[in-house]
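Order-wise, the sequence lines are chains A and B.
For the first sequence, the numbering used here begins at 1139 and goes up steadily by one.
For the second sequence, the numbering used here begins at 325 and goes up steadily by one.
Hint data in this document are derived by calculation from the structure and do not stem from the laboratory.
Check before you lean on any hint, since a few could be wrong.
[Stated by the list, open to error] Partner residues aside, some chain A positions facing chain B, computed with beta carbon under 10 angstroms:
hint	residue
1	Ser1192
2	Cys1329
3	Asp1359
Heads up, the beta-carbon is just placed ideally off N, CA and C, and yes, glycines get one too.
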Amino acid sequence: MAKVVGYRRPYIGTQPKHLHPSYVSSIKRAPSKPLIYLPHTLSEITGPLFGKESVDVKASDLTNQHSGQALGERIVVSGRVLDEDGRPVRDTLIEIWQANAAGRYLHKRDQHNAPLDPNFTGCGHALTDSEGRYRFVTIRPGEYPWGNHHNAWRPAHIHFSLFGPAFATRLITQMFFPGDPLIPFDPIFNCTADEKARNRLISVFDWETTIPSQALGYRFDIVLSGREATPMEK
Amino acid sequence: MSLWASTSQTIGPFFSIGLARIKQDNLVGEGVSGERVTIEGRMLDGDGKPVPDGLVETWQANAHGKYAHPEDDQNKSLETGFKGYGRVMTDDQGRFQFTTIKPGSVPAPDGKTQAPHIAVSVFARGLEKRLVTRIYFPDEPSNSSDFALNLVEPERRETLIARKVADKSGMLEWNIILQGPGETVFFDCGL
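Between the sequences and the hints, there should be enough to build the whole structure, so can you do that?
Here it is, written out as structure tokens:
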């Protein structure tokens, strides 16, 4: 068995802490004891891999999963998945989910008084290509109120779930939209100390992926943990 | 070039619309060898209340101690019916359950082998990033020399070891206590 080369640990401040009291749900769910540092072993540098057989290519278009077109502003969300060395993460599964244009999720526990759209389920998935690229067509999700504090509203966002090559690279995050006035007030967005790291969760409006007469384009690149240098690379 | 890994954000309460598609509560396909086990448990918060919007993902080796992954170069057999990945969601009472096989042992950093274990990621509303933990097996002599269990204070190790359920052979109980008395041991695995 070759020596195990682990994945890099996050830079200070670039990841949220578990307890962030202004995000009220964290108060009773964050562990109270310190985490125990686990060196990466074969169990952490391997992980589930999903191939083309687990993907429906039509699932990257969230506007066209029903008999009619989804309501709302059609958008293209695309980008690349890279590791911390800037290398593409190929053939990795991305799953997304979001509220509809009115700010309502198709979920039994979402009680927001906004209409559901029979033509919008709000979920999609795709594999990255050989350059780490992905592309979704969807509608711009609405902002919605939540119970965190008085008059709390979530900025518009899309949830992203990624696996990468290993158990150690698993990531779930959210993509936000540029210019959203709610972002600076969002306790979930603000859980991360480092401003630059936070701001990388905000997508960039992009003319190059905007389709004339069809859809505005937003770019959202995602970085997964990179590999520790191997002795040979040093 | 050195980028920073993207910032984790909570899975939120409504993830099932996006993640239920590849729910995997039975990892055991046709012709898979090994001791079949069903692991059931509850996810509870610091008040002992159920977490009805939790996600539990698991990753493990097969009964030979081989991971279905190209970086596992051990000379051990793969089995086509066993991929080693599980994904289950908690119900309104915070319960979850999945069926798998007890994995074989895999190499440890100290040159020894690790006791049979399942790597676990826990996600929930309120958790801005996942919690990483492990499930070990009862009556397993190699637990006492397992390098990861030995990183944990002795009185907390039992939170990582599933318990037999009386009168139910093949059934194990393993709970996830996010906070407070009996808090599950969580590891710093990076992200």
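Right, here's what the structure says about each hint:
1. Look at serine 1192 of chain A: its Cβ gets to within about 7 angstroms of chain B, closer than 10 angstroms, so that hint holds up.
2. Proximity of cysteine 1329 of chain A to chain B holds as hinted, the smallest CB-CB distance being about 5 angstroms (cut-off 10 angstroms).
3. Against a cut-off of 10 angstroms between C-beta atoms, the interface hint on aspartate 1359 of chain A holds, since the closest Cβ of chain B lies about 8 angstroms away.
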